[in-house]
Amino acid sequence: MKFTDNIEELKEISRRMRIDILKMLHESGSGHSGSSLSCIDILVAIYFSKMDHSPDRKREDLRDKFVLSKGHGAPALYAVLAECGYFGKENLLTLRKLKSKLSGHPYSCSTPGVEVTTGSLGQGLSQSNGLAMAGRLNGEDANVYCLLGDGEVQEGQVWEAAMSAAHCKLDSVIAIVDHNQLQIDGAVENIKNIEPLSDKWAAFGWYVQDIDGHDFRQILDAIDAAKAEKERPSLINAHTIKGKGVSFMEGVVKWHGTAPGAEELEKALEELSAPAGGGK
Amino acid sequence: MTVEKLSLREYYGKTLVQLGGENKDIVVLDADLSSSTKTSLFGKEFPDRFFNMGVSEQDLMGTAAGLAAGGKIPFVSTFSIFASGRAWEQIRQSICYPQQNVKIVTTHGGITVGPDGPTHQALEDISLMRSIPSMKVIVPSDAHETVAAIKAVLDFNGPVFIRLSREKFPVIFDETKTFKLGNADVLKKGADLTIIACGLMVHTALEAAGELEKEGISIGVINMSSIKPLDRSAILAAARETGAIVTAEEHSIIGGLGSAVTELTSENIPVPVVRVGVRDVFCSSGTAEELLACYNLDKNAIITAAHRALELKKQRRV
Ligand SMILES: Cc1ncc(C[n+]2csc(CCOP(=O)(O)OP(=O)(O)O)c2C)c(N)n1
Ligand SMILES: [Mg+2]
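Those sequence lines, one after another, are chains A and B. Take the position in the first sequence, starting the count at 1, then add 1; the result is the number in the numbering used here. Just so it is clear: in the second sequence, position 105 is 90 by the numbering used here, and no numbers are missing.
Please note that the accuracy of each hint is not assured.
[Unchecked claim] With a straight-line cut-off of 30 Å between C-alpha atoms, the simulated DSBU-like cross-links for lysine-lysine are:
| id | chain 1 | residue 1 | chain 2 | residue 2 |
| --- | --- | --- | --- | --- |
| 1 | A | K255 | B | K29 |
| 2 | A | K193 | A | K98 |
| 3 | B | K173 | B | K57 |
| 4 | B | K153 | A | K24 |
In short, the hints are calculated from the structure, not lab data.
Taking the hints into account, I'd like the entire structure generated from these sequences.
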């Protein structure tokens, strides 16, 4: 794999990842389309530009780490891990199948590159803190990235972990909220309002940045600023669109946990067929 | 022959709407899964008595406890793993210890949750709930029994846990089915061995019994939907009369129906009990059907267990 800061190249990787995500979801017949498309740009920016990692390094080797706290976005993580070479791409079409390497939610015992196990919401940030504390004890200079959902932050454990990270001055922790304004039963605002989200994290002692989570320039810059921040953990409030990249999925609640059928896949792939460029 | 299948959660949702119309004290709470648990049906009909707490299961249970303390009758739903797991201590401390009248009705229990994988498959929920003092635990075997159980627990004042599933279940009973805590259904009398099952495995037990009868073995089948309190007399009669028991549940073999039956028989009429269930492992993603076969929760597993129990019974005699 090759790292790049080139925005056009990152966009092109994202486009291909979206295709992989949709194909694997179609093949599995179930899974979270909207949730995966909403966070794929962030994952691509982390894995192909900012994170210090490689499939050749062993668990105990020095490297940055990534935790997908919103574990149902697994297809996005799997697509990226395969592209990076953590396992063969042929595995992608076994998503959610019996005895597959690729479980419905990320499982660290079965999937190379999956750091810790998630899927039950709210548990990823605590584990990220633990990874950061272990890294500090080992004298390592490495970051831990953690991706949360905006519905997920309704879990109390997220705020327990937010306090822990600030209290322990875990400046290696970079948490990102995939702020797509939707959860399963509807708009986050209507189910249980989480705003003002950035102010809350700031009040908990975090360094907070608000960005457009589909704008690579903004994602890269925010990660750089987060890395430079000392003495406190960083929160990137990434404003995103659920289902981003497939017009009929964008902002539609139903696509949270639905896989595309044959016709829907075809339509989606058509939209994604032009190499990235133009637009944002 | 195709068996009719009905969704337990669909019937749960509809029953809630019916009961909500009759009893204004009923309130319903969910944690961002109301479209799956079907409490959304109640929410549409009675928006002012429906509370979607968001992805906050601990808050969900605590709030229900408070509503009960304030005189309401809360029905609380989410996936079984998140209710019994994430909010276990809230259930113990805020609901069961103070005897709050909260009805916890979970869906997506067991392995048939399927492709979402082990993080979402509740295989310890019966065990976790059964071990809390005073908690009542019910695992209905079909949609009609679900309706009967939901209505019955409304007449009981105190905490109850009812476990439903994602998949549709084959229909066993009709609309006249009644439910009483502590009462089992003897679906079939037998002389040689009794299969005691709950949930989806009741249907599977009936199928297995049919096969075993072809081998000339006389098999009894009991639907033990009331796991706590157990129907002690039905189990002890089966132990006395058939001398061998197989239990079958879509749950870990540790702490669920199999354990409950074994605890009772070993202290009263110690006969061989062979448990069919998930054998202390985390499972895999996969379709419901694949998983049932892969983790020995199918007809063949019950037949094998029956032969083993009969063998143990014979050894005891000599
Ligand atoms: C503890 C827990 N409760 C409930 C669920 C079921 N669930 C899966 S995704 C989801 C909604 C998440 O919404 P959000 O965090 O906004 O994610 P996104 O919009 O990115 O999909 C819920 C409730 C879960 N996985 N874990
Ligand atoms: Mg969201």
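Of the hints given before, which are not true for this structure? 2 and 3
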